Amino acid sequence: MKVLLFAGLKQKVGREFIDIPVEQSLEVSALRENIEEIAPTLNGEVYMVAVNENFVRADYRVQKEDTVALIPPVSGG
Amino acid sequence: MKLFSVVEEPIDVNQYQQLVLNEHQGAIVTFTGHVREWTHGTKTVHLEYEAYTPMAEKMMAQIGAEIEERWPGVMTAMAHRIGHLNISDIAVVIVTSSPHRKNAYEANAYAIERIKEIVPIWKKEVWEDGEEWIGDTKQYHPDVEEEQ
Chain A
1 MKVLLFAGLK
11 QKVGREFIDI
21 PVEQSLEVSA
31 LRENIEEIAP
41 TLNGEVYMVA
51 VNENFVRADY
61 RVQKEDTVAL
71 IPPVSGG
Chain B
1 MKLFSVVEEP
11 IDVNQYQQLV
21 LNEHQGAIVT
31 FTGHVREWTH
41 GTKTVHLEYE
51 AYTPMAEKMM
61 AQIGAEIEER
71 WPGVMTAMAH
81 RIGHLNISDI
91 AVVIVTSSPH
101 RKNAYEANAY
111 AIERIKEIVP
121 IWKKEVWEDG
131 EEWIGDTKQY
141 HPDVEEEQ
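So the sequence lines, in the order shown, correspond to chains A and B.
Quick note on the working numbering: the first sequence kicks off at 1 and runs consecutively.
Quick note on the working numbering: the second sequence kicks off at 1 and runs consecutively.
The reader is advised that the hints may include incorrect statements.
Claimed, not checked - Heads up, simulated DSS-like pairs for lysine-lysine below, C-alpha to C-alpha not over 25 Å straight-line:
1. A:10 to B:116
2. B:116 to B:102
3. A:12 to B:124
4. A:10 to B:124
5. B:124 to B:58
6. A:2 to B:58
7. A:64 to A:2
8. A:12 to B:116
9. A:10 to B:58
10. B:58 to A:64
To be verified - These stretches of chain A come out as covered by chain B in the derived footprint (C-beta under 8 Å, 3 or more residues):
11. 14 to 23
12. 35 to 46
13. 65 to 73
Stated by the list, open to error - Label-pair ranges, simulated between beta-carbon atoms:
14. B:102 to A:34: 32 to 38 Å
15. B:27 to A:15: 46 to 52 Å
16. A:37 to B:26: 41 to 47 Å
17. B:131 to A:44: 16 to 22 Å
18. A:65 to B:8: 28 to 34 Å
19. A:27 to B:54: 21 to 27 Å
20. B:128 to A:25: 34 to 40 Å
21. A:37 to B:129: 34 to 40 Å
22. A:63 to B:62: 44 to 50 Å
23. B:54 to A:44: 24 to 30 Å
24. B:12 to A:24: 43 to 49 Å
25. B:54 to A:37: 34 to 40 Å
26. B:54 to A:38: 36 to 42 Å
27. B:109 to A:66: 31 to 37 Å
No wet-lab data here; the hints were simulated from the structure.
Note that the structure is a prediction, hence the values are computed from the model and not measured.
The beta-carbon is built from N, C-alpha and C at its ideal position, and this holds for glycine as well.
Work out the full structure, taking the sequences as your base and the hints as a guide.
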């Protein structure tokens with residue numbers, strides 16, 4: 001599963017996305033744990049998870065075909 | 001033209017005003033947010049804005065729907081520019097229109113607060129001696145809407 005990165009998170013990882021292995025689906029809380037392993041440079045970073053362009057909570061179940069993005073605190077305006 | 005958009009070109013305010021004008025509306029309130037040179041004593045050379053564009057436009061449309069619910073009859077359009085912006089450039093425009101002015105004022109003030117909470121757009125301040133991505137000082141939680 002491709003997880004999109006933006007702004008400071010993208011800068012930290014040095015890529016626009018990270019790949020997370022997913023068989024069918026997983027909860028957002030598990031996704032966060034996977035991200036910590038695959039991209040340890042993001043440990044301690046604050047972000048929300050968006051699935052198909054909506055914010056979701058920690059117990060939301062992500063399907064492998066979903067579009068997933070990490071959203072650090074926004075600063076538009 | 002779209003009512004809710006992320007754009008890369010300079011913002012022409014008049015175009016957005018036209019989007020919310022019809023024979024029912026007697027007032028348009030227009031807010032523009034501009035790039036500021038000085039923030040808490042630090043001099044900004046320019047800003048870089050980045051967006052998760054499809055989600056940003058979706059969240060802006062959601063703000064428009066929230067306004068329609070709170071202030072029936074108010075029409076809303078907004079755009080946020082991304083890329084390289086210089087001092088005093090327009091970063092964001094919000095236009096709200098209503099039959100009478102009060103609702104348009106209130107809805108407009110609401111819209112910019114919500115943009116700063118839920119629209120995935122980020123700015124990087126570039127100074128003479130460095131640069132940094134800026135996060136909202138309010139951080140996250142309460143106002144983020146979750147998909148049900």
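To see whether the hints hold, each was checked on the structure:
1. A:10 to B:116: Distance of about 20 Å is within 25 Å: holds.
2. B:116 to B:102: Cα-Cα ~22 Å, so holds.
3. A:12 to B:124: Holds, at roughly 14 Å.
4. A:10 to B:124: This hinted pair holds, its Cα atoms lying about 13 Å apart.
5. B:124 to B:58: This hinted pair holds, its Cα atoms lying about 22 Å apart.
6. A:2 to B:58: Satisfied, since the Cα-Cα distance of roughly 21 Å is no more than 25 Å.
7. A:64 to A:2: holds, 9 Å
8. A:12 to B:116: At roughly 23 Å apart (the allowed maximum being 25 Å), residue 116 of chain B and residue 12 of chain A satisfy the hint.
9. A:10 to B:58: holds, 22 Å
10. B:58 to A:64: Holds, because 22 Å separates the two Cα atoms, which is no more than 25 Å.
11. 14 to 23: violated (count 0)
12. 35 to 46: Violated: only 1 residues of the stretch 35 to 46 of chain A have a Cβ under 8 Å from chain B.
13. 65 to 73: This one holds; 4 residues, not fewer than the three required, reach chain B with a Cβ under 8 Å.
14. B:102 to A:34: 32 to 38 Å: violated, 50 Å
15. B:27 to A:15: 46 to 52 Å: With a Cβ separation near 47 Å, residue 27 of chain B and residue 15 of chain A satisfy 46 to 52 Å, so the hint holds.
16. A:37 to B:26: 41 to 47 Å: Roughly 58 Å apart at Cβ, these two residues miss the hinted range, so it is violated.
17. B:131 to A:44: 16 to 22 Å: For residue 44 of chain A against residue 131 of chain B, whose Cβ atoms are near 21 Å apart, the range 16 to 22 Å holds.
18. A:65 to B:8: 28 to 34 Å: Given about 30 Å between the Cβ atoms, the range holds.
19. A:27 to B:54: 21 to 27 Å: Hint holds: Cβ distance 24 Å, inside 21 to 27 Å.
20. B:128 to A:25: 34 to 40 Å: Since the Cβ atoms of residue 128 of chain B and residue 25 of chain A sit about 48 Å apart, the hinted range of 34 to 40 Å is violated.
21. A:37 to B:129: 34 to 40 Å: holds, 36 Å
22. A:63 to B:62: 44 to 50 Å: violated, 22 Å
23. B:54 to A:44: 24 to 30 Å: holds, 28 Å
24. B:12 to A:24: 43 to 49 Å: holds, 48 Å
25. B:54 to A:37: 34 to 40 Å: Given about 28 Å between the Cβ atoms, the range is violated.
26. B:54 to A:38: 36 to 42 Å: violated, 24 Å
27. B:109 to A:66: 31 to 37 Å: This hint holds: roughly 35 Å between Cβ atoms.
When each numbered hint is compared with the structure, violations occur for hints 11, 12, 14, 16, 20, 22, 25, 26.
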